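So the protein lines, in turn, are chains A and B.
All residue numbers for the first sequence refer to my numbering, where the first residue is 1 and numbers rise by one.
All residue numbers for the second sequence refer to my numbering, where the first residue is 1 and numbers rise by one.
To be clear, the hints were calculated from the coordinates, so they are not data collected in a lab.
Model, not experiment: these values are computed from the prediction.
Among these hints, one or two may not hold up.
When chains are identical, the list treats them as one kind, so a pair holds in a single copy or across two.
[Claimed, not checked] Subject to a maximum C-alpha distance of 27 Å in a straight line, what follows is the list of computed DSS-like cross-link-like pairs (lysine-lysine):
id: 1; residue 1: Lys410; residue 2: Lys346
id: 2; residue 1: Lys582; residue 2: Lys410
id: 3; residue 1: Lys152; residue 2: Lys430
id: 4; residue 1: Lys411; residue 2: Lys495
id: 5; residue 1: Lys346; residue 2: Lys122
id: 6; residue 1: Lys430; residue 2: Lys36
id: 7; residue 1: Lys430; residue 2: Lys50
id: 8; residue 1: Lys122; residue 2: Lys360
id: 9; residue 1: Lys407; residue 2: Lys39
id: 10; residue 1: Lys105; residue 2: Lys407
id: 11; residue 1: Lys430; residue 2: Lys39
Protein chains: 2
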Amino acid sequence: MLIKDYYPAVLMASDEDELERLFDPRSIAVIGASRKEGKVGHKLLSNILKSDYDGEVYPINPKGGEVLGKKLYESIEDVPGSVDLAVIVVPAKIVKEAVQQCGEKGVENIIVISSGFSEVGKVEEERALVDEAEKYDMRLLGPNVFGIYSAKSDLNATFGPSDIEKGSIAVLSQSGALGIAMIGKTAQQYLGLSAIVSIGNKADIDDVDVVDYFSQDDESEVIMIYMEGLEKGQEFMEKVEDLQEDKTVIVLKSGRSEKGATAVASHTGSLAGSDRIFSSAFKQCGVLRAENLKEAFNWSRAFSNSILPEKDKAVVVTNGGGIGVLSADAAEKHGVKLLDDQTHLKETFEEVIPPFGSTKNPIDITGQAGEEEYERSLRRAYESDEIGSIIGLYCEAGGGDAWGGAKAIKKVYEEYGDEKTSVFTFVGGKEADECVQWLRKHDIPAFKDTYECVSALGALYRKKRYMERKKEKEELKEPDIPLDEIREIVKDVRKDGRLTLREDEAREILDLAGVPMAEGEVVTSLEGAIKAAEKIGYPVVLKVVSEDIVHKSDAGGLALDLENEKEVVDAYQAINSNVRKKYPDAHVKGISVAKMLKGGEETIIGGSRDNTFGPLVMFGLGGVYVEILEDVEFRVAPIGRKEARRMIGEINSFPVLMGARGESRKDLNALADVIYRISYLMNEVDGIAELDLNPVKAFEKGKGCKSVDVAINLKRR
Amino acid sequence: MLIKDYYPAVLMASDEDELERLFDPRSIAVIGASRKEGKVGHKLLSNILKSDYDGEVYPINPKGGEVLGKKLYESIEDVPGSVDLAVIVVPAKIVKEAVQQCGEKGVENIIVISSGFSEVGKVEEERALVDEAEKYDMRLLGPNVFGIYSAKSDLNATFGPSDIEKGSIAVLSQSGALGIAMIGKTAQQYLGLSAIVSIGNKADIDDVDVVDYFSQDDESEVIMIYMEGLEKGQEFMEKVEDLQEDKTVIVLKSGRSEKGATAVASHTGSLAGSDRIFSSAFKQCGVLRAENLKEAFNWSRAFSNSILPEKDKAVVVTNGGGIGVLSADAAEKHGVKLLDDQTHLKETFEEVIPPFGSTKNPIDITGQAGEEEYERSLRRAYESDEIGSIIGLYCEAGGGDAWGGAKAIKKVYEEYGDEKTSVFTFVGGKEADECVQWLRKHDIPAFKDTYECVSALGALYRKKRYMERKKEKEELKEPDIPLDEIREIVKDVRKDGRLTLREDEAREILDLAGVPMAEGEVVTSLEGAIKAAEKIGYPVVLKVVSEDIVHKSDAGGLALDLENEKEVVDAYQAINSNVRKKYPDAHVKGISVAKMLKGGEETIIGGSRDNTFGPLVMFGLGGVYVEILEDVEFRVAPIGRKEARRMIGEINSFPVLMGARGESRKDLNALADVIYRISYLMNEVDGIAELDLNPVKAFEKGKGCKSVDVAINLKRR
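Okay, chain A solo, but in the shape it has when bound (with noise of 0.2 Å):
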């Protein structure tokens, strides 16, 4: 069933839909039909044809004649009906041309196949493509792509393979050659295409507007995609977390390897390497990073074929104790908690399994089984109502029955496939590869290895915990904090032509943030200096306040642990006479005297931002922690309390704050509210672009957490 059956009418004008025309055309002109075979343009044609789609097909060529059977137009113009999608594959200097004559018909969508343009540096020309479509209201997909292919429409508009499998899987792929190698790759292995997308350059059309249509086309239940990159982070972000439950998002994200480019002053900024931002982006909206091709595409079979486990434990049923170990090891690699129940376990399957096997988990039913006892086994591991997910496996050892195994669990799948998760593997040769093909034919998520097959199980496991987690989502309350007085503050500073605040600034900022802090204040004078230590309470730090000096301790600007006015006194003069002399031209605004804070636990909460996805939270433990683990967790911000407390649980050194080292249980509640706090002003100040408080003392349950220092940095114009 069609979209479009389901909107009312007025829904289907709306930009949601403007994407449904291209899928589902109901007519295409093909621009460059070629009647050269090996020719982009023939093969492309070609396969258009080939495919059972059943709108009309307009082959152009100025030279005009036949190709295929079909009549040559020799422009778009001659073509007698309207025509809803345009692919185009001239070369790249008459691109622009076609794509005119294309608006000028009344076309739709657009798709330029042609290359030569932004990616060989050629910005302009792409530029100009997209400003002709729009004059027109066209939308454009490319240049630089393989084209379509929309299991809807039984439409292959692509000059890859012509034999694609039709399923629920939708491919959106940045690399056009890589795009066809899967092609060729799924129908290899029967896995099932909703549809195929090349999104080549991304003049226009992006990811967000494909993973939108995808997220209201029925038919695509699994939406895999291979990223290069991505330019509109948050908004990607969005459409991800606002898909239903049963569409799930797989994304094998290539350049892991690249540092990111921007240059960084701070911690935060320093760890914030872009490809870790995109695992933490991934993990915060539920889309499932894989590690490489094969785990995709192992991924996306059991998302396609499987239903998400309703409850925690799976059982292993096998005729091998060999490969029922190694899926066991896979388990707890993956995070697939096995069933630990004897009791029940004995209970479920000690009738139907053979004296010589066990009714431990891994189950084994024994070398000798055959048909009935897989189907017996399997049939009671499905009834139990203690069991969450089933991993069934098949080792083809001399004298076991491998079509025995596949028949009784493709029949026992069709009765309770769609009831309880269940994933399978056989290990062997020919025929378990065969037995393996057979099952995929049928829509049965199996697998030639076990630790694919459990980590495809494992993928599964953590989308329930997504979905879960999802159910209990915080509804993002905003904190009383005035922005307007902050980005007051930052402008000032600007004005000032600094980009680097001073301690005095930065900590308005924190107090207006309503960030703990460290009691202080920043005096000019010696007797101001007493004045404050006496309010603020012994002891206290003194510490110069000036722009041009940054390595304070360094410089002799710092004084710690002063207990009384006498070292107060002593401690003054000296910074003064120390960043006098090695400062002598350094603007210095005053001495901050704080508060000097004894015992709590040293975190570290800052702020920074990412190309990708804008502004970003992150906590961890202080020192070596950070500098040299890099414990920390990011997010991208805004962010509530709970995520923010979430995000504490799952840094490494979490025993630490929990008291794992016979301390007290540390304040995570205040913690988290400062996380909170500092999302939600890196989200909403856009002139910071790096803050670092460090560190953050957290206190024992109840005594709340105060930043000690902090450090706050200006994005450059």
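Place chain B on chain A using the hints.
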């Protein structure tokens, strides 16, 4: 050429060659040969007869008659000639009788296929078989195995698949079923085998024996082991360490998810989960541990087809950008370094790639590349002096020429494959898969996935690095430690009915072992305490010495940082009074007075004992690093100072010891010396079960390290 042609006759008679006739028998008897198809005793005989084995084959069955055109002897006695190898496939209860008859006949080796022994609890019955075999000086493989395949004698004496691809991979499987499935898989993927052995219950012949045999077998270059458990860990390590450079051991060890079963009382012990120790031991002796079956296969292919790389830097030659980026990601993941010398890359490839290609690594020879382009660019890569290895990729996009690529690869590989490491991937559909299979058939390491291909190259590099380390391996010198005196102390503790050493005892052992400790002594009077404190120098620590008080701090039995006589007096009295109140019945040996050490980085050095590998030594940073992050390294003891130094460098928090926090670099040599001494102690004094030096304070370079606290537990008898 056979082993026996190499070695003089006298060597042939030695222990080391006693398995020769198992893999290369002149004659075989199959006891339990059956006329019924489908029976193991039929399939096995049929496989022997189908293989090109040219020795004598004697089927034996009391019923007599004929089977598969061969006379059935009623008993092994009746066989006219001598029998080198007997394969026993009779029911468990009559196996012993068969073994005896083999002995009488003068058989050299027997394989007991039959199951129903220790794997189902019949340990006695299994022992009886070995006893019987030993009487006649026979070696026994099994019971509970599927037999052996040996390329050397063209013998397939298994009941698995009859088609086996000949090659240089020797497979050893502890699981019968998985072993058979592996035969199927290897044939399916053109992975050539030199041998396959099922070792089953390992009643007599075990992993170590078989590895020993393969180590002398010219045809086996890769030894691939599926291992569930290992008994003689240290012997196994020695065998593997002694292998020649051209042999590689790849192990798929299952049971990762099982926790170590022994009760543990120390940090070292609790961190030494058995699987973790397997990983450490494998790394130490050069075994490559695969994570799953597919990885083990891929690595085996790379090692059996390719030479080890001589130089570090790899180059990627690709016809598609997407798979190029994916392979660069995989390279980072798998520790393969890509050549980054732009000048050299440009010089090397500029002439041979099209204008739209790229000479940056990955080298993009563009989607139009065919046979000629592949040949030219690969030839350049092989001939470059700077390039250490080659990753050749083909992406099946429209318009490409997969077979052209494959042919070019075959041509250059045949020319250069013995001179430089190279691996290949074809990504795509049917044609790509066929190219991969065709290349594999020609013994070229080809893969279907870039990730797997690069993972295999990573394994080759790991082996190269291991071989480099091995070359510079130190002679193990024994430290000058009076072991007898230490053993005497251990003995005395046992005599006292204890398993935990008191501080004074533990201190004495460390002293004898040459491990530097915070100065201190145990005193029994207040006067003694004061004298000791003065001798040692303030500040000092006082601690109760009693085997009955484990948690000394909780008991009020510990006082830190005492700065003068008064504080020592107070503390001495407080400790005495606390202990008397809380532990009125404790046997108090005295109070230890020790130097309170300030500064230094806290580390932990420990020793423990593993069921498989024996004595272990552990190193890590103290506190949270050990307790929460489990950031520690293990080695099987003994190790030399160099290896200890390497071990220190392998913990994640190592930069802390190098002064990453702005502090001085610590005395790593001093730490390495302590590790070395503890490893020697653990190896020599086997009464010690666990030993914790926690903390060992490491001071700046040149200033040594000192153990502050020590705990030693003895083995239960």
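Please work out whether the CA atoms of Lys105 and Lys407 approach to 27 Å or closer within one copy, between two copies, in both situations, or in neither?
neither (55 Å within a copy, 48 Å between copies)
Status of Lys360 relative to Lys122 across identical chains (alpha carbons, at most 27 Å):
between (64 Å within a copy, 20 Å between copies)
Please sort Lys411 with Lys495 into within, between, both or neither, judging by C-alpha distance up to 27 Å.
Answer is neither; intra-copy 75 Å and inter-copy 68 Å both fail.
Within a copy, between copies, both or neither: where do Lys430 and Lys36 come within 27 Å Cα-Cα?
between (40 Å within a copy, 24 Å between copies)
Is it within a copy, between copies, both, or neither that the alpha carbon of Lys430 lies no farther than 27 Å from that of Lys50?
For Lys430 and Lys50, only the inter-copy Cα distance (19 Å) is at most 27 Å; the intra-copy one is 32 Å.
Alpha-carbon proximity between Lys430 and Lys39, which holds within one copy, between copies, both or neither at 27 Å
between (38 Å within a copy, 21 Å between copies)
Lys410 and Lys346: within-copy, between-copy, both or neither at 27 Å Cα:
Close inside one copy (25 Å), not across copies (56 Å); limit 27 Å.
With 27 Å as the alpha-carbon cut-off, assign the pair Lys152 and Lys430 to within, between, both or neither.
between (35 Å within a copy, 25 Å between copies)
My question is about Lys582 and Lys410: at a cut-off of 27 Å on alpha-carbon distance, are they close within one copy, between copies, both, or neither?
neither (81 Å within a copy, 69 Å between copies)
Regarding Lys346 and Lys122, is the shortest C-alpha distance of 27 Å or less found within a copy, between copies, in both, or in neither?
For Lys346 and Lys122, only the inter-copy Cα distance (23 Å) is at most 27 Å; the intra-copy one is 69 Å.
Cα distance capped at 27 Å. Does Lys407 pair with Lys39 within a copy, between copies, both, or neither?
Answer is between; shortest inter-copy Cα gap is 24 Å, intra-copy 45 Å.
The structure is inconsistent with the numbered hints 2, 4, 10, although it conforms to all the rest.
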